[in-house]
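**Student:** Chains A and B are the protein sequences, given in the same order. For the first sequence, the residue numbers in our numbering are 1 to 385. For the second sequence, the residue numbers in our numbering are 386 to 770.
These are calculated hints, taken from the structure and not from any lab test. Hints may be right or wrong, so weigh each one.
Calculated Cβ distances over 10 Å to all of chain A for the following chain B residues [what the hints assert, rightly or not]: (1) Arg553; (2) Phe562; (3) Glu588; (4) Arg728; (5) Glu747; (6) Ile769.
Below 27 Å or equal to it, Euclidean Cα-Cα: the simulated DSS-like pairs (lysine-lysine) are [said to hold, decoys possible]: (7) Lys51(A) with Lys439(B); (8) Lys700(B) with Lys289(A); (9) Lys76(A) with Lys674(B); (10) Lys679(B) with Lys76(A); (11) Lys670(B) with Lys85(A); (12) Lys85(A) with Lys522(B); (13) Lys696(B) with Lys311(A); (14) Lys285(A) with Lys315(A).
Simulated restraints, written as ranges between beta carbons of each label pair [what the hints assert, rightly or not]: (15) Asp295(A) with Arg566(B): 19 to 27 Å; (16) Ser302(A) with Gly455(B): 44 to 52 Å; (17) Asn290(A) with Asn508(B): 25 to 33 Å; (18) His9(A) with Lys670(B): 56 to 64 Å; (19) Asn290(A) with Ala460(B): 16 to 24 Å; (20) Gln363(A) with Lys389(B): 55 to 63 Å; (21) Lys762(B) with Glu48(A): 42 to 50 Å; (22) Asp72(A) with Lys674(B): 15 to 23 Å; (23) Asp492(B) with Asp296(A): 45 to 53 Å.
Computed from a predicted model, the values in this text were never measured in an experiment. Note that CB positions come from ideal geometry on N, CA and C, so glycine has one too.
Number of protein chains: 2
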Amino acid sequence: MKIKYILEHEEKNTKARLGKIETNYGTFETPMFMPVGTEATVKTLSVEELKDVKAGIILANTYHLWLRPGEDIIAKAGGLHEFMKWDGPILTDSGGFQVFSLAKPKDISEEGVKFKNHLNGDNLLLTPEKSIEIQNKLDSDIAMSFDECIGWPASYEYCKQSVERTLRWAKRGKDVFNNDRQSLFGIVQGGEYEDLRKYCTEELVKMDFDGYSIGGTSVGEDKPTMYKMVRYATKYLPQGKVRYLMGVGDPIDIVENVCRGIDIFDCVSPTRLARHGHYLTKFGKYNIKNAKNKDDFSCLDSNCDCYTCKKGYSKAYIRHLINAGETLGARLLSIHNIRYLIRLTEELREAIKNDSLLAYREQFIKDYYGDKGLPYKQNLDEIIN
Amino acid sequence: MKIKYILEHEEKNTKARLGKIETNYGTFETPMFMPVGTEATVKTLSVEELKDVKAGIILANTYHLWLRPGEDIIAKAGGLHEFMKWDGPILTDSGGFQVFSLAKPKDISEEGVKFKNHLNGDNLLLTPEKSIEIQNKLDSDIAMSFDECIGWPASYEYCKQSVERTLRWAKRGKDVFNNDRQSLFGIVQGGEYEDLRKYCTEELVKMDFDGYSIGGTSVGEDKPTMYKMVRYATKYLPQGKVRYLMGVGDPIDIVENVCRGIDIFDCVSPTRLARHGHYLTKFGKYNIKNAKNKDDFSCLDSNCDCYTCKKGYSKAYIRHLINAGETLGARLLSIHNIRYLIRLTEELREAIKNDSLLAYREQFIKDYYGDKGLPYKQNLDEIIN
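This is chain A alone, in the form it adopts within the complex:
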């Protein structure tokens, strides 16, 4: 079956929504943070650990799996769920972002994008149709349309042309899409220009996708600009479909964009931060390598319910593991960081349910940023009106 988005409650004072998504592999609540399993594995975690951090859905990268091991191998395995033994929902991206970020040099034409395989230098062509074909074989629950992911800043003229191409590509992908087990999302582009975001959104909505993603964020823009871009899209998206903000995982970005009507998020940050020894808490981001942790035998966060904290692994031990390059260190921090972000979405759900999201947001900012306050000028108007 296709996914089914059920809108359960619209928060009274903001644009936030509480909902749930039914899939072939179970139902999960939104807002939700999706851990990223680029290579058909969420780095350092087992599938049991993913269940344990309460991941409702994970993301896998079409580009990486296309190049290695290849979509035909995964299809032959019975699809991605069976290949990686994950029996929860999976969302795949279109490969677009990676083609534009990893695989340079590139040659963008109406047909698609020519680029060099970053593993072996082979010349490859990714098109809207090819992306759908690959995602079909991967057998994810939610597939993405192939879009042009542009950088920031970009001129109005370039954005306009790019939006038109993204729309033509979305249409081409949708035209070849024919899969009852999979849902297809359209991706809103349009840079920082409200009229382009509005236009792109409205055109996609006319095509009637199963859900909508917001792309072209986390490409170098400042936070207020990102939030604006998001609002320019959610303002014109239908209430009955799910909204996914791609590649965003900074805690404050999750809070702010939930307030602006986003339902699902993904980001590599929790595992990447972990590999560098960083961990997230209510009171901000810390570095385990800090010398003061060398004989700190307390856990990362005494209020955290993740395996790492419940088991009582100490900062001193995890610091030692990270310094020694032992993979258990990155694993313990990855578990903690992913759980942190998922618990953040749980708290946001609770605040939406209670219509207390503005108060939650205010307390979150106080706790996380302390006396320094927000690192940007906030625009409450975007949330409230």
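Given chain A, put chain B in place with the hints provided.
**Tutor:** Same frame as chain A, but now just chain B:
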């Protein structure tokens, strides 16, 4: 309390022994293979996974933990068990092997060994007394005497002098050892010379250690030479004390040396092999990277009871993870390989109990080496007489 070795059965046709060892952290059966947790972590595994592979005891490296994070940090944490959250028994080595293998250049004197810290180049001195002091602070259940670990081949004259020094160092360590919670083993050296091994063994036995290790193997010698060295020691060791063969983990070496009266083994091989994509089965060692595994969706070994095999992770998936450099790949193979070696010791225990070890050994060789047969000339006489 000190460890207590209980000899339960001597196999009728060989020198093999079935026994158990009681420690402050539980009892385990012997023969037993010990996974190695060099940096206070068995590479890629959690402590739950160690329980799951049925590790009865693990080894930690004194040298590494002395240099990082330092024995005082671990003492402050409440000892190694608490530091790494492992509530089973732990054996620590003396640091001798690492000083001789990792920390060059070195300067060996009667006092001890001067060497450069391999992490930062600092000049350090390890002595028999210092090794005991560190192991005391680590709070392992079983500590090793500091010995001189020489290479192979070595002249009779050098070995003789070295044995004398190892005995003087063993005595010095024992003289300062004063810990009721920890047991201390003496280490038999003597190269390939029976009279030196005999002499070393008898002198150590006079000092009355809590158990005995056999060192100076796995240093470049061929298998028949290793097996000879082992027999030259076990022949003169008392039946009532445990015998530990250091750094040996090739499956055939475990089988052969159990036949020669060894009780416990350790080796980094199962995790090291895993990182290189190798896995062990009844029918030999295989490389997961082999192209024929690319669409082999069967598990590593359908008769294996490890997590990796029971969960059904396919060769194709694990091959993909290893090729992609994903740590889950090394983790799944490490779990499998460690479980393989521990299960091998379980099967050996069963064969000892049934007095059918010679038949087990023969079948093992047939299965593991197939038509190629043993890669060395066997000496059944060493086992039988």
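**Student:** Could you tell me which of the hints above the structure violates, numbers in ascending order?
**Tutor:** 8, 12, 16, 23
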